[in-house]
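Novice: Chain residues, written in single-letter form:
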Amino acid sequence: MTEMLSYDFMQRALLAAVLVGITAPAVGIYLVQRRQALMGDGMGHVAMTGVGLGFIFQTSPVWMAVLVCVLGAVTMELVRSRGNQRGDIALAMLFYGGMACGKLLVSLSAEAGSGSLESYLWGSILTVAPADLAAIAVLGAVVIAVTVGLRRQLFAICQDEDFARVTGLPVRTLNLLLAVMAAVTVTVAMRVVGLLLVSALMVVPVVAAQQLTRSFAATQAASIALGVVVSLAGVTGSYELDVPSGPAIVLLAIAVFAVFSALAAPLARRRHRGDTEHGPKICDVRLPAQTPERTSPDTTTPEGRAGLAQ
Amino acid sequence: MTHPIPQAVRLRDAVASRGGRPVLRGVDLTVRPGEVVALLGANGSGKSTTVKTVIGSVPLERGTLELFGTPHGSFRAWHRIGYVPQRTTAASGVPATVREVVSTGRLPQHRLLPFRRKDREAVDRALAAVGMLERAGDGVADLSGGQQQRVLIARALVGSPDLLIMDEPMAGVDAASQQVLADTLRAEVGRGAAVLLVLHELGPLEPLIDRAVVLRDGCVAHDGPPVPNTGLHALPGHDHVHPHADLTPPRLLA
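If you read the protein sequences in the order shown, they are chains A and B. What the first sequence shows, in the working numbering, is residues 1 to 310, in sequence order. What the second sequence shows, in the working numbering, is residues 1 to 254, in sequence order.
Isolated chain A, as found in the complex:
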């Protein structure tokens, strides 16, 4: 443990893991609330074009990915808010175009074939550079401030957009802000979890937490705590077992989800135990009209024949 912490790259990776563990579920909960759980996945695909551009222009792939991803997220939000029936087709074009464009750009760049795209796709603890960590810290702080600070406002627009408009909230601005935050989170998490698994860290801790919670505030707090725990454990596991950090984190999160769902049913039963005291344990009221029909259909009366005819 102390040996692991003595390496600079591990200190950076663990710090990045904490930030990612907080930001991804903090934003993801709003996407899950709006039943757009797979939106993060699409943004991950779009961000690949940004990484490709970073390779071509020899600039930081993180900032390039932020730029491209924000543009992509704003486009997605405009498509969604229009309520266009062909909207899903437009999104498909954006997602696949982003991924194809990213791979093409990387293959054209000087670093082609070095396998470095791999680390962006699946996450790698070795690649969190000091400059990356600074970018992750700044962006992460902004995301946390917005998603936790504006919880009531964002909750309102994701719960019921029409109602939120009547409360006078700037619904369009908040929707765009949320889309930009999701885009920024994708790029923040890219180094640790990888672009292909970013969405999992935005969604899985939230759905795991909500197996055991009843309120939105508790779900958000629990999913952030879970995100931090699985990210730290995943990065540690990645160091110990020499596997990519992204898959380690995501599989851990899914394991937690499985355990929580197994716990959810008995907990709900205990919670509702008080409710059953008011009514009878089983339905023991016998309805005279139904009893004979169930045992043997009566065809001697007109009602019975009519019932049979139907």
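Since the hints were made in silico from the structure, they are not lab data. As the structure is a prediction and not an experimental result, all values here were calculated from the model. The beta carbon of each residue, even a glycine, is placed where N, CA and C say it ideally should be. Be careful, since some hints might not be right.
[What the hints assert, rightly or not] With beta-carbon atoms standing in for the labels, derived distance ranges:
(1) 6(B) - 170(A): 22 to 28 Å
(2) 129(A) - 64(B): 54 to 60 Å
(3) 264(A) - 190(B): 40 to 46 Å
(4) 83(A) - 112(B): 24 to 30 Å
(5) 221(A) - 224(B): 53 to 59 Å
(6) 172(A) - 110(B): 19 to 25 Å
Use these hints to put chain B onto chain A, whose structure you have.
Specialist: Frame of chain A; chain B shown alone:
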């Protein structure tokens, strides 16, 4: 302006379409302060769209809208309006308690400031008014349809609005919740609030209603006192098609 006190809603010659299909073709609608107006009409006649233009979620292609005497574009006093949307569920993808959902109705009051004790008390009062205070900590997804409707009404009441807009509040609501709803509405009217109700038929709320506006194919077909003890069928403008009439079957089957 003939009225010294501005009207709560003043919609003039409203034209709007949804998905390219024209839905409103020149609707006039007025709600005076303290008045209860029922908006009636068959499915697809434009009732819900009229309400959505009033709250601003469907844009007007032509015509004007004033809320409390202020043109819609510069209207900021949203705390004066309570809105109950038409829906079957108050639940979303993440669990939320009854209290959390109702608290969103308090956003025009506390805005970016923290949620304070007086906000909390307002939420308690609204929940008590619809008989849901003891369920405040429960998840909305665990409630019945009628109870969820009561939660949405509490959310609209929490800011003590001067105008209450309800879209089909009686649809799919059990008898107990219908009674609570009628009582709540009576209390709000007694307080002096204006109410705009979208209804499929007058039903049990009829004694409360001052005026009925009937829409047909995106136009106003009737604007006047409600006809007692009758639903939509007896009002002028209702297209009364009988399935047994000899000439109608092809149209019905189409």
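Novice: Confirm or reject each hint.
Specialist: Structure-based check of each hint:
1. 6(B) - 170(A): 22 to 28 Å: Holds, at about 25 Å.
2. 129(A) - 64(B): 54 to 60 Å: This hint holds: roughly 59 Å between Cβ atoms.
3. 264(A) - 190(B): 40 to 46 Å: Holds, since residue 264(A) and residue 190(B) (Cβ atoms, about 45 Å apart) stay within the stated range.
4. 83(A) - 112(B): 24 to 30 Å: 28 Å, holds
5. 221(A) - 224(B): 53 to 59 Å: 55 Å, holds
6. 172(A) - 110(B): 19 to 25 Å: 21 Å, holds
Hint check: no violations occur; every hint is consistent with the structure.
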